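Undergrad: The residues making up each chain are set out below.
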Amino acid sequence: MTYYIVEGLFIISSFLWMVLGIVNYGFWGKGLPGDGFFPFFSAALTFILCVSDLVLYLHKKGKHNPDTQEKEQENSDVLGFVPHKLKPFFITGYIVLGTFILQYVGVLTATFFMCLIWLVYIAKKPVVHSLLYAFAVTVVIFFIFVVWLQIPFPKGFLI
Amino acid sequence: MNNFVFLLQGFSTAFSIENLLLAFLGGFLGILVGAMPGLGSATGISLLLPLTFKMNPTSAVIMLAGIYYGNMFGGAYSAILLNIPGDSPAVCTALDGYPLARRGKSGKALATANTASFIGGILGILFLTFAGPALAEVGLKFGPTEIAALIFFALTSIGWLLGDNPKKCLISTGLGLMLAMIGMDPASGRIRYTFRTFSLLSGLQFVPLVIGMFGFSQVIDCMVRRDEVDTTKLTKISLKESQLNWSELKSIAPVSVRSGLIGNFIGFLPGAGGTTAAFLSYVLEKKIGKRGKHLGTGEITGIAASESANNAASIGSFVPLLGLGIPGSTTSAVLLGALMMWGLRPGPLLFSSQPDFVWALIASMYIGNLLCFIIGMSSIPALSSILKISSKTLAPIIMVICILGSYSASYNIFDVWTMIIAGFLSYYMQANSFPVAPLLLAFVLGSKLETSIRQALGISRGDVSVFIRSPISAVILILTLVMVLFPVLRGFISKKKKENVHEL
Chain R
1 MTYYIVEGLF IISSFLWMVL GIVNYGFWGK GLPGDGFFPF FSAALTFILC
51 VSDLVLYLHK KGKHNPDTQE KEQENSDVLG FVPHKLKPFF ITGYIVLGTF
101 ILQYVGVLTA TFFMCLIWLV YIAKKPVVHS LLYAFAVTVV IFFIFVVWLQ
151 IPFPKGFLI
Chain F
1 MNNFVFLLQG FSTAFSIENL LLAFLGGFLG ILVGAMPGLG SATGISLLLP
51 LTFKMNPTSA VIMLAGIYYG NMFGGAYSAI LLNIPGDSPA VCTALDGYPL
101 ARRGKSGKAL ATANTASFIG GILGILFLTF AGPALAEVGL KFGPTEIAAL
151 IFFALTSIGW LLGDNPKKCL ISTGLGLMLA MIGMDPASGR IRYTFRTFSL
201 LSGLQFVPLV IGMFGFSQVI DCMVRRDEVD TTKLTKISLK ESQLNWSELK
251 SIAPVSVRSG LIGNFIGFLP GAGGTTAAFL SYVLEKKIGK RGKHLGTGEI
301 TGIAASESAN NAASIGSFVP LLGLGIPGST TSAVLLGALM MWGLRPGPLL
351 FSSQPDFVWA LIASMYIGNL LCFIIGMSSI PALSSILKIS SKTLAPIIMV
401 ICILGSYSAS YNIFDVWTMI IAGFLSYYMQ ANSFPVAPLL LAFVLGSKLE
451 TSIRQALGIS RGDVSVFIRS PISAVILILT LVMVLFPVLR GFISKKKKEN
501 VHEL
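Top to bottom, those sequences are chains R and F. According to the working numbering, the first sequence is numbered sequentially starting from 1. According to the working numbering, the second sequence is numbered sequentially starting from 1.
By construction, these hints were calculated from the structure, which means they are not laboratory data. Keep in mind it's a predicted model, so treat the numbers as computed, not measured. There could be a bad hint or two in this list.
[To be verified] Below, in silico cross-link-like pairs of lysine-lysine (PhoX-like), each with a Cα-Cα straight-line distance of 25 Å or less:
#1 F:496 / F:287
#2 R:87 / R:125
#3 F:54 / F:290
#4 F:105 / F:290
#5 F:240 / F:250
#6 R:30 / R:61
#7 R:60 / F:496
#8 R:85 / R:60
#9 R:124 / F:388
#10 R:124 / R:85
#11 F:167 / F:496
#12 F:287 / F:250
#13 R:61 / F:250
#14 F:293 / F:250
#15 R:155 / F:54
#16 F:388 / R:125
#17 R:60 / F:167
#18 R:87 / R:124
[Stated by the list, open to error] Pair ranges (Cβ atoms, derived):
#19 R:23 / F:345: 32 to 38 Å
#20 R:150 / F:394: 22 to 28 Å
#21 F:195 / R:26: 15 to 21 Å
#22 F:56 / R:142: 23 to 29 Å
#23 F:474 / R:30: 25 to 31 Å
#24 F:382 / R:96: 34 to 40 Å
[Claimed, not checked] Covered by chain R, per the in silico footprint, the following chain F stretches (three or more residues, Cβ under 8 Å):
#25 188-194
#26 215-223
#27 312-323
#28 406-420
#29 430-437
#30 446-455
No residue lacks a Cβ here, since even glycine has one placed at the ideal position from N, Cα and C.
Required output: the full structure, derived from the provided sequences and hints.
TA: Written out as structure tokens, the structure is:
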């Protein structure tokens, strides 16, 4: 299933690149390549290869072909409460949430809670151990990114 | 003679306290990251890249180079102790390292890996010292036509050398070229493919892209796959157990030298890298080595063959990187992006316009290789304990570093979203056998390729035959064609042979 989505995304984006390359940016002009010349060829190569790969895949559909099928994943015991196919979405959602917290609450708060919640509820570590670990990580992050590198992170209402 | 003087000047720069500390830190972090299963050198460098933002380019690259070859030292640890290679070049190390560890000689296996890595590293750096400037001299003869042909060769060869599915490699390459087109056109200044997004005016940022593709996607992969690594078998190793006796040193020395020379040559080829070098050296040792028949049962010569070639190749990949501006491996593609980020232009002119930078880097590699050997040998007991930390415990730290590292690139939250999307897509790409290394290489080289092609066509007033009329360009394009057609022809010939045998 994900193969169709990935391949479809590549086909659509390469087609879009080709069309914009010719229509908006110009393929050739005054005897010289236009701004759309190189993008068109890159996208055309991608488009043709993707379409041929998809056609081949559909042709071989149903036969066992480790090269064209999604690699089978051994199920992980981490995130056992999340259906296997949704695990990438869960992890991505977790980091998206962390990014929002960082913007509006503060970088150190975000770091601390990202580590703590993960360790307690997902890695299933003891609470005291997790608190110490999260605190240590936050301190290290503070010294590296805030003190040493002086990165101007967004100011949240906490730290 | 001039180069020797430059090298001595380079040593004086590399021996500064700051650069020595950074070489040490880079080597240590490289070994640490390399020892962790699943975190390859590209991941390590991409996650640690933000640490170098405040440094001057010379110091930053010294540290990053230290991380790179330190990673090669470290990859052997989990391969030997857990039968899980720290990165793909260490796969062959596991074939003999793990059986040897199971016989209670893990200290010897790790000592062999470190010693062979050191020998391979020295050979690689010597090769870089002489071949780098020589290649740069050749590269000075290259105009836009030749540069375009060379980049085209590099982008195509990585697809075929990576092996599994060349078509999918080429698809990834095409995608990388498309992503490189986003933002301002370098020739005309026109804004392309930004879809009215202000943050895309200067194109996709390299750092968040690489952190997402190699850092965040690895986190997803580790969490989705089975993670339970049996670390109960990790026993304590003492420094005494990690010594090689004289006869063991004598047996691995010639193997390390031969494998190092192979690694030099392989690392020089765009796209080949440490994995190919390690495999080839291991197979050769199996065929011609004195104890070749016993490889796979715990022979130290097997470990030496893999590790020496691996390290030599990792440094050998700096030759085309510095001499021509063409990365020889995925990780050196990350380094190329980092160098360009600091305004440096790797290529033939680098040796003449920035000799201080180049020779300081080469000199620091001599020092760094020795430091990695010392760190590796002395920290065998400590590093084998660190392997007990599971990836589900490391995951939140890596995610935090991904967010903060991406933001640090240009202090823009858009870069964090870029990282997240790149990581998410990269995970599904790899799950469907689309490699991401060609995408990154194409992204880094895409702009240069377009500029070179347009310059070449501008000079020839639109005449495409300019790529054939130039002898150097023609030879490179023929090599590209051979590389593309050879596997197809070989498959066709072997199929015909099978059919003939069947008929008989």
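Undergrad: For each hint, tell me whether it holds in the structure or not.
TA: Going through the hints against the structure:
no., hint, in the structure
1, F:496 / F:287, "violated (28 Å)"
2, R:87 / R:125, "holds (20 Å)"
3, F:54 / F:290, "violated (51 Å)"
4, F:105 / F:290, "holds (21 Å)"
5, F:240 / F:250, "holds (19 Å)"
6, R:30 / R:61, "violated (48 Å)"
7, R:60 / F:496, "holds (23 Å)"
8, R:85 / R:60, "holds (24 Å)"
9, R:124 / F:388, "holds (16 Å)"
10, R:124 / R:85, "holds (21 Å)"
11, F:167 / F:496, "holds (23 Å)"
12, F:287 / F:250, "holds (20 Å)"
13, R:61 / F:250, "violated (55 Å)"
14, F:293 / F:250, "holds (19 Å)"
15, R:155 / F:54, "holds (21 Å)"
16, F:388 / R:125, "holds (14 Å)"
17, R:60 / F:167, "holds (16 Å)"
18, R:87 / R:124, "holds (17 Å)"
19, R:23 / F:345: 32 to 38 Å, "holds (34 Å)"
20, R:150 / F:394: 22 to 28 Å, "holds (26 Å)"
21, F:195 / R:26: 15 to 21 Å, "holds (18 Å)"
22, F:56 / R:142: 23 to 29 Å, "holds (24 Å)"
23, F:474 / R:30: 25 to 31 Å, "holds (27 Å)"
24, F:382 / R:96: 34 to 40 Å, "holds (36 Å)"
25, 188-194, "holds (count 4)"
26, 215-223, "holds (count 4)"
27, 312-323, "violated (count 0)"
28, 406-420, "holds (count 7)"
29, 430-437, "holds (count 4)"
30, 446-455, "holds (count 5)"
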